[in-house]
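Following the hints, put chain B in place on chain A, whose structure we already have.
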Amino acid sequence: MNQNFLERLSECVEFGKINLASPYPPQMKGLPGADEVTKEALEAGVTPTEILNDALINAMNKVGQKFSENKIFVPQMLLSAKAMSASMIHLKPFFANGTVKRRGIFILGTVFGDLHDIGKNLLGMMVEGAGWEVIDLGIDVKIEKFVEKVKEYPDAVVGISALLTTTMVNIQPVIEAIRKVAPQTKIIIGGAPLSAEYAASIGADAYGKNPQEGVSWLDSIAS
Amino acid sequence: MKYKKLAISTPEGLIFGNALYPVTTRRGLVIGGGSVIPELNFTLPPMSINESTLKAIGGHYKGIVTDAIEHARHLHAPGVIFEFETLLEMTQTPSIGIDLVKIMNEVCEENYIKYGFKSEIRLTPNDLREFDRPPLCRTSKYLDAMWELFDKGSLAGGDLLSIESTGGKEIHDEALMMCDIRTSIFALSVLGVRDMKMLWSNIVAIAKKNNKIAAGDTACGFGNTAMVLAEKQCIPKIFAAIVRIVTAVRTLVAIEEGAVGPDKDCGYEGPFLKAITGTPISMEGKGSACAHFSPLGNVAACCADLWSNESVQNIKLLAGMAPTVYLEQLEYDARLMNQALKRGKPTANMLQQLFAESDQALDPQALILTPKNVITLSEEIVKGENYIDASVRGAKKGLDIIEEAFKSGQLLLPEVEIEWIDLLREALSDIPTDESKFVEEMLPSLEGKFIPSEYGL
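For the protein sequence lines, the chains are A and B, in the order given.
Numbering (my numbering) for the first sequence: 2 to 224.
Numbering (my numbering) for the second sequence: 754 to 1210.
The shape of chain A in the complex, shown without the other chains (with noise of 0.2 Å):
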């Protein structure tokens, strides 16, 4: 019973069916989206965590392996993403109470002086459809705003992001100042003029030259 009920949601999130109205994917119109089905596997005693575990972050997985292999674009693993977003709000008092636990936080934002972030909300989408809760600080961020955020979340995980040559040195003064307040912090940088050997030299823990690795990085320090 509680099997069924993990297949047909992981099947809606890994083929972006947010609930009944929605028209997409077109195989599964006029059925049951993953906002119903998240219901119905509640109230049928299915466990919170086993939806979030064996469902979503599942079919999560399954979408993540078909764009790293060209089978989908970036929208159908958006539609996912929105699937799986759809079915968190039933899980939401259940985060709340301590039932069920995200993978981690995430903090990033654009780095001061630069205006450049479509790939910065690209990894933000993705990251969020891996099971992390993200905070996303926006644009042209100053140092102050990323400490500020880390003290108050302090076992978060910090992504900062710049395209320009002249703002990718802004970078080194965040993670300077993140490090003061919480040494521990593991930071991931990404953007055009940025390379793994720069990361290294500026004190960050990765490099992501793409949203999918540093989702894989995410990953891999989660587990």
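Just so you know, the hints here were simulated from the structure itself, not pulled from any lab data.
Computed from a predicted structure; not experimentally measured.
Every residue, glycine too, gets a C-beta built ideally from N, C-alpha and C.
Among the clues, some could well be false.
Stated by the list, open to error - Part of the chain A face toward chain B, derived, beta carbon under 10 Å:
no.: 1; residue: Pro76
no.: 2; residue: Leu80
no.: 3; residue: Ile140
no.: 4; residue: Met169
Claimed, not checked - One-sided and incomplete, this derived list gives chain B residues near chain A with beta-carbon spacing under 7 Å:
no.: 5; residue: Met931
no.: 6; residue: Cys987
no.: 7; residue: Pro989
Relative to chain A, chain B alone:
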């Protein structure tokens, strides 16, 4: 829409180095007047921009222009345009940008007086309004700095005025990631068009006042973002190709408002503008690989009047500094095109065809930029009763061209792309032509994502 028919109506006429309405700069460079001229685009190496680095920054820009002109003279280049695409701080504090224009212009002037070498500066301030999310397109505190740089920077020696404007981008980024052509068209053909009218009426007024050239815009933040996402296989190439066609409708507004060309180099929508208006264009092709990859390396040259690269960092390569190296590459490309023009139309058109044929079968974005397809698509655009209609017509025709080429075996498309032809066609089918109706339909889903009053809505 002002343009109802094409200024250049044949693929053969849509040729590099020749525009219907050439533009002459103050030192006598004729753009689109029978030859292709290199346009060099450059940026700083990794470094901060602050009070303590301004002297070093001035040194970088002076060095770039000095070395490039020296080498251009050595190569017997007829001239060069330098595109000074400012970095954010240089527009935020206009005095920085103005000083850098002065520094570069002094080098240009010195070489003109001493050697008669013709060079000019294209001044491209940043669209700073993006600092606010959602942006205040008409009431932004950042507009003053932008206008000041346009005004005083042009007086300091920026002869060609351009911008990479971003009106509508606040909703377009998400539309790109969701491959939502309906929202993309709304962003470009409603918000973008409205913002372009405001920006370009002002830029044209500044250019007129200072006797400078209001050159043109680029939808880089829209079309090129799509291209780069497609290159990384995040979105279908078909979608990026269709977005490119729609960007042409938006960027056309600069010319309707009085810009005369050449549009900015990263505007791959330039060929459509040239076909519709006859103004000269700047294009970047294979030389843009220093900043981003593209599937348009050769086809971009088919009707270029200025031939450009992308922002190359001022770093040392074995031959010399990177901008000088790129100047040489651009000049050799331009030399080949100019030699073909000297031989006469049949040779020039043969080279034009080779540029197109070498790219068109490998990517739909290249396919829609061949002169033949640019003419077909431009004819469809000018049939539009307004900007929305023009965009939808262009997009539908683009899908027809792509589908036909794929079905006849003339376009390679990965299996995963194919379903997007029908998905996009369906999404285009119910976009209302009437702007008020379109706005009414779109507003509920876009609430809080943009500020209607900032677009006069």
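Status of the hints after comparison with the structure:
1. Pro76: holds (4 Å)
2. Leu80: This interface hint holds because 8 Å falls under the 10 Å limit.
3. Ile140: Constraint on Ile140 of chain A satisfied, holds at 7 Å.
4. Met169: The hint holds - Met169 of chain A has a Cβ within 10 Å of chain B, the shortest such distance being about 6 Å.
5. Met931: holds (5 Å)
6. Cys987: Because about 4 Å separates Cys987 of chain B from the closest Cβ in chain A, which is inside the 7 Å limit, the hint holds.
7. Pro989: holds (6 Å)
Violation of the numbered hints given earlier is absent; every hint is satisfied by the structure.
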